[in-house]
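Model the placement of chain B on the given structure of chain A, informed by the hints.
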Amino acid sequence: MYVIGNTALYLGILISIYSLFANILGIRKKNNRWLESARGGVLSLVLLSSAASFLLLYILGTSQFQYKYVAAYTSENLPMVYKLTAFWAGNAGSLLLWLLLLCLYAGFLVFSKEKKNPMMPYASSILLLNILFFFLVILMSANPFEMSETIPSDGKGLNPMLQHPGMILHPVTLYLGYVGLAVPFAFAIAALMLKRVDAEWIKLTRRWTLVAWLFLTLGNIIGGWWAYLELGWGGYWAWDPVENASFLPWLTVSAFLHSVMIQERKGMLKTWNISLVILSYVLTLFGTFLVRSGILTSVHAFGNGNLGTYFLIFMAFMALLSIYVVMTRYQLIRKETNPIESYFSKESSFLLNNLILVAGAFAVFWGSMYPLISEVITGTKVNVGPPYFNKVMAPIMLGLIVLMAICPLIAWQKATVEKFLKNLIWPLTAGIVTAIVLIAVGVKGIFPIIGLASAVFMFATHIKEFVSGIKARMKATKENAAKASLRLLLKNQRRYGGYIVHIGIAVIAIGVISSTAYPKDVLQTVETGESFKIGQYELTFKGLTEHTENGNGIVAATLDVNHKGERVGEIKPEKIFYETWPEPSSEVAIKTNLTEDLYVVLSSWEDRDKVTLQAKVNPFVSWIWTGGMIMVIGTGISLIGGRTSRAYKLKPGTLKAGV
Amino acid sequence: MYSKRLLLLIGIFLLAIPVTALANNDYNSKEFQSIISQLDMQGHANDELSTCKVKQMYFEEVAEMLNNGMTESEILQSYVDEYGQAALREPSQDKSGLIAWGMPLAGLGGGSVIVAYWIKKLKGKEKMNEEGDHLKWESEIEKEMLEKIFDEERRKHF
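Residue numbers (numbering that gives the first Met the number 0), protein chains in the order written: chain A, 0 to 658; chain B, 0 to 157.
Isolated chain A, as found in the complex (with noise of 0.2 Å):
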């Protein structure tokens, strides 16, 4: 096993370095048998990342500790989902995992459809570039073959914390996004070479992109849903350096995905979308950067200094690389573009969608950043942490929101006042009316009300929006509502996926400002038959119980609820002790519906019949991952509808309107 696993990796060095050269001796020589040849190296190293990758798997799930990495983070009892699931605990296995999906996606783009493209040896390259890098680094510094010299009777065990359904979707998912930024970046830098900066990189690459920003909003709202269920705080986003890290990219490919609709339609922002694309790609290795040099704080770091200076290194060759290929071409990067017809048009309000978008990327990064800085700056560190990155960001968000209220209604081109304003009433009666009702229940808070307010707002545009769009097909075809609301759905996919995404922010926004503005916690110590009240649940402590399971010793406080004077069941938050962790874990109970979730957790007992639980009242967490899930379903729709680059192919005559 030790033999194959490390073969596997050093041919994966051989092979990368043979197909990066075979690529550029291909496109020196114009060769196609050796771009063949690449091609077939790309698929050689996608059997070798998985073949490397079972392995790891199948030590895993065998308990064979005498491997470092098995030894580190398995148990002999753990339950064999998790023994899998530890292949991405550590860093080693981790990186693994990053690597066989960067192969997967660049074994995937090289036997696309545009696989004779004159781009894919380029973006082959970069990409084989970023394939050979991570071989390296898992043998010089991350190798999960290693092995020791005595072997162990038992492995250490999973961190409680990671035994989880989280951990099998978290990692994979917002890998799938970091990964995949590789390849709209790969083919931006391969357009650049080939002096082809106009909309066709873009096209060909909307789908990849559209790919990893699913999977990236996936990956932080499962981490999201994680974290509340698992770590006991009560929260979601802990605007962790790590967390943060994940969040950047996010917003600034969401920028890129709303700006080339500039590019496609009027030739605008070339530079502008390459830079993003470039800024997206390096920010996915800053993150991974931050994660293995625990140079900053986090819970999810994973400390390895080794790690930390390679990843840096890198960062800084592709950047500069980056860099290089857009100051040479430049000159023919900014030619004259198609010019703005309207201040008040879809266009302007999309620049100030990446103005915002951009802005709270550098806000997230400069809070991120600011505890380093101010160390090096000062000598003394000074921390940022949730309070900072909630005043900061809520303004930033408030603006965003109300900009995706108001966009859907700016026409392209030149927008008219009358037209705007005609069309802004009833979203906008919707969001006002909301404020005044909520005033009037006794909600408070201003900006909690304005944010609830904007984001009905910004919900009640987009059903404006399908009802419009709904009638007018109804009127044109004499279709029925619902045939009429399937084929316009089917009919532009891209733009009626793109405004379920946007409800599914208006979803979220609801959830979080909610449990932010308006938590209810409590402390409390009770006795057996006592009861205590925390928003309108009573609840009952009924007695302390104790079991073991797998080996493990859990302690449950078994609690009567009690919702508006009507019983609606029991809850049991426990207290696991683990046979191979020193720390006991929390088990929260929660009980959610529509409106909020009671959470409670058992903090100490003294004995059986006088116990403390922590309860809070956090209200509309679920629409959190309601809303995470429409955004999903939307990107989903988006992924499915849009022209491919073959059906873009330029007509004589289509040039000017950019279709």
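Think of the hints as simulated: they come from the structure by calculation, not from any bench. As the structure is a prediction and not an experimental result, all values here were calculated from the model. One or more hints might be untrue.
[Unchecked claim] As a list, the in silico SDA-like pairs of lysine to any residue whose alpha-carbon atoms are at most 20 Å apart: (1) A:K490 - A:G635; (2) A:K390 - B:Q32; (3) A:K519 - B:K119; (4) B:K119 - A:Q412.
What follows is chain B alone, placed relative to chain A:
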């Protein structure tokens, strides 16, 4: 087997964390919550209370200081005196924290200026094109053809 299980459960109960002593009404007071929400607690602010010794220590200290009659600002200042600004979860809102708070605003302001300039420039270009179009191009097809030729020449040149 039975005795092993019994021993484990006894062990668990011995491990019971005596936070109950701390759980008086102070913890639920607005003042206490407000102070705690501002303290970084050496990076443990987001930890779960029952399993974090550092957080428990902070809770005890703050509760004690409140019981001793100290105000919110006095308590926060006492931590800043001891640990520096790193005791808090956000930079100071006075002069020393100006860069931390001001930079995102400066970024947004700078970005707004660039976008405004960009839009103005592109809008100005439209006027120029409107005037120039009649002089340069006789038809759209000719315009497209020449644009393609220029584009090709540009590629060769650069």
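Hint by hint, here is what the structure shows:
Only pairs whose Cα atoms come within 20 Å are accepted, and K490 of chain A paired with G635 of chain A is accepted, the gap being roughly 15 Å. Of the supplied pair hints, the one linking K390 of chain A and Q32 of chain B holds, its CA atoms being roughly 18 Å apart against a limit of 20 Å. Only pairs whose Cα atoms come within 20 Å are accepted, and K519 of chain A paired with K119 of chain B is rejected, the gap being roughly 49 Å. A threshold of 20 Å between alpha carbons decides the hint, and for K119 of chain B with Q412 of chain A the separation of about 15 Å falls inside it, so the pair holds.
The structure is inconsistent with hint 3 alone, although it conforms to all the rest.
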